[in-house]
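Trainee: Chains as they are written, first to last, in the working numbering: chain Y, 1 to 328; chain E, 329 to 586.
For the record, the hints were derived by calculation from the structure and aren't laboratory data.
In this text, all values refer to a predicted model and were calculated from it rather than measured experimentally.
For every residue, glycine included, the Cβ atom is placed at its ideal position computed from N, Cα and C.
Treat the hints loosely; a few may be bogus.
Label pairs and their computed distance ranges (CB to CB) [to be verified]:
1. Y:V167 / E:K382: 57 to 63 angstroms
2. E:K382 / Y:F317: 46 to 52 angstroms
3. E:S465 / Y:L10: 33 to 39 angstroms
4. Y:R2 / E:S347: 55 to 61 angstroms
5. E:R463 / Y:R2: 18 to 24 angstroms
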Amino acid sequence: MRRFWIFFILSCAILLLLGAISLCAGSEDIPPSEVFGALFGGASDETSRDIILEIRLPRLAAGVFCGMMLAGAGVAMQTLFKNPLADPSITGVSSGAALGAAIAISAGAAFAFSVQISALFFGLAATFAIWRLGRINGRLSAFSMLLAGIAINAFCGAMVGFFMYSVREAGVKGFVFWTLGSLENCSWREIFCAAALGLPAWILLMANSRGLNMMMLGSDGARLAGANVNFLQKLSIFCAAVMTAAAVAMCGIIGFVGLVVPHICRMLTSPDNRFLLPLSSAFGAALVVFADIAARLYSPLDTIPIGVITAILGAPFFMYLLRRNGNA
Amino acid sequence: MLEVENLGFAYGEREVLKSVSLSVKSGEFVSILGANGAGKSTLFKVVCSLLKPKSGSVKICGKNSGEYSDMEAAKIRAVLAQDCEFNFESSVLDFVLLGRYACGGFFSSKSDVEIAMASLEAAGLKGFEKRIFTRLSGGERRRAELARALCQLGAKGRKGTMLLLDEPNSNLDPKNANCALKAAKKFAAEGSAVVAILHDANLASLYSDKIALMHCGEIFAFGSPREVLTAENLRRAYGANCKIFESREGRFAIFLED
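So here's chain Y without its partners, still in its complex pose:
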């Protein structure tokens, strides 16, 4: 409990600090006093105020939101599958969403939000398909769900490749955005829509975090101790899918956050989801904001996709996890 508060407050403090850096730094550096003025209605330059309120602040909010959602979904999946190497992509929502976006971009994205809506729809459809395939005799089997996830993810990946090849030059940048993620061009409207979807799912998951703890005992063990296993399985897959979909539909696929963050937080405190979920969410938000700052500072004019940065940070850690598990 004490460890949780120490690391939670620390994560929030780091997030605040990174948030401040994120608002100040960029292609044009804005001094903290002007940022403060723009945020709280003090004296500030008109251009600076526009940059902060219409570009950097929504970008920061999108980063915080994506980090929270992806890390939260990762917590739920790792607990449900009793596997520290599980991540939100197990639900197939990311690759499904990328396919949905690819189809919409290829079709010419006729109306506002059509790419996001298509991404959301295909993302949730992929989750539903994997969930159905993972059920054997009315019981969810982690193993068959993992296998179904591999199949669906591979199929969606191949289809995205197909569309990417078909549209050639014009749409390639859009595809890169979807498959590697970016916080660029997030509008307040998009952020509110995504938050309206993702935050209730996060709250629902938090409210059931005690039940989720029981899933660590396996489905029979959880049932014998009084948990409604069927409900908890459906709820955690649904919430994780909606949270990931909300993040992916807005910012594309940002990999490794949902895998690495819950694992680090579990090592720092305990596997108790009542504490792990808020801590991972704060830590995940800080990681995504950090990756975004790094992406922007590396090439101020043409930002490299944020998924590249999280993968560069996450992949070595993943290898470390594999070694550690192999040696244990």
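Position chain E relative to chain Y; hints supplied.
Mentor: Okay, now just chain E, sitting in the frame of chain Y:
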């Protein structure tokens, strides 16, 4: 407390339980003995509602076991299963506190922690609460699992509750096996019905009020240890010869020979 009547169960074509009947009253300690594959664990799973019976019924407190929700059932019966899938780096106290799910609130209260500590003490794990579960030895893990089952019933036996133990002494040295069974016996003395699957006929004869001997999906002998543990019955149950010794306390000590 527990009434099993003409219970039948089959995995596909293979009949595993054939018309099993068993009655356990509050305050009784009943052991189920039998060779591997005799149907003990299947009987257990049907009693816990993890498997649906093909025929017959299981009644707990006069009510069909299927009529209880998982939450209602967890409040009156705790189970120590054969294996535990828990594999997270949690503290032993947090692991035992999982047993409070059916009764506690969102956060563990002071009384939840007291119950968990009392359960740990009963299972012989006093002072282990801060240790990491995955780093315990096999025997310590087994006792932590027992503590979680005890914790589920409030660390104290009472009338109207039932404790089901599937090989509670597996992985335990003789001293700790006695400690685990003593804790279960205390539950029975306090009013709970206790049913344990055991492989050690000596331990069964020391702690049980009644023993049920199983063979090929049937209970063929049920009664006090003195009645049930005969050379003939044990030969039928295990297919091995044995000698029966009467100890000074009037208990049976049994050795199986080739």
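Trainee: Does each hint hold? Answer for all of them.
Mentor: Status of the hints after comparison with the structure:
1. Y:V167 / E:K382: 57 to 63 angstroms: holds, 59 angstroms
2. E:K382 / Y:F317: 46 to 52 angstroms: Between K382 of chain E and F317 of chain Y, where Cβ atoms are some 51 angstroms apart, the hint holds.
3. E:S465 / Y:L10: 33 to 39 angstroms: For S465 of chain E and L10 of chain Y the Cβ distance comes to about 34 angstroms; the hint holds.
4. Y:R2 / E:S347: 55 to 61 angstroms: holds, 57 angstroms
5. E:R463 / Y:R2: 18 to 24 angstroms: Cβ of R463 of chain E to Cβ of R2 of chain Y: about 21 angstroms, so the range 18 to 24 angstroms holds.
In this structure, none of the earlier numbered hints is contradicted; all agree with it.
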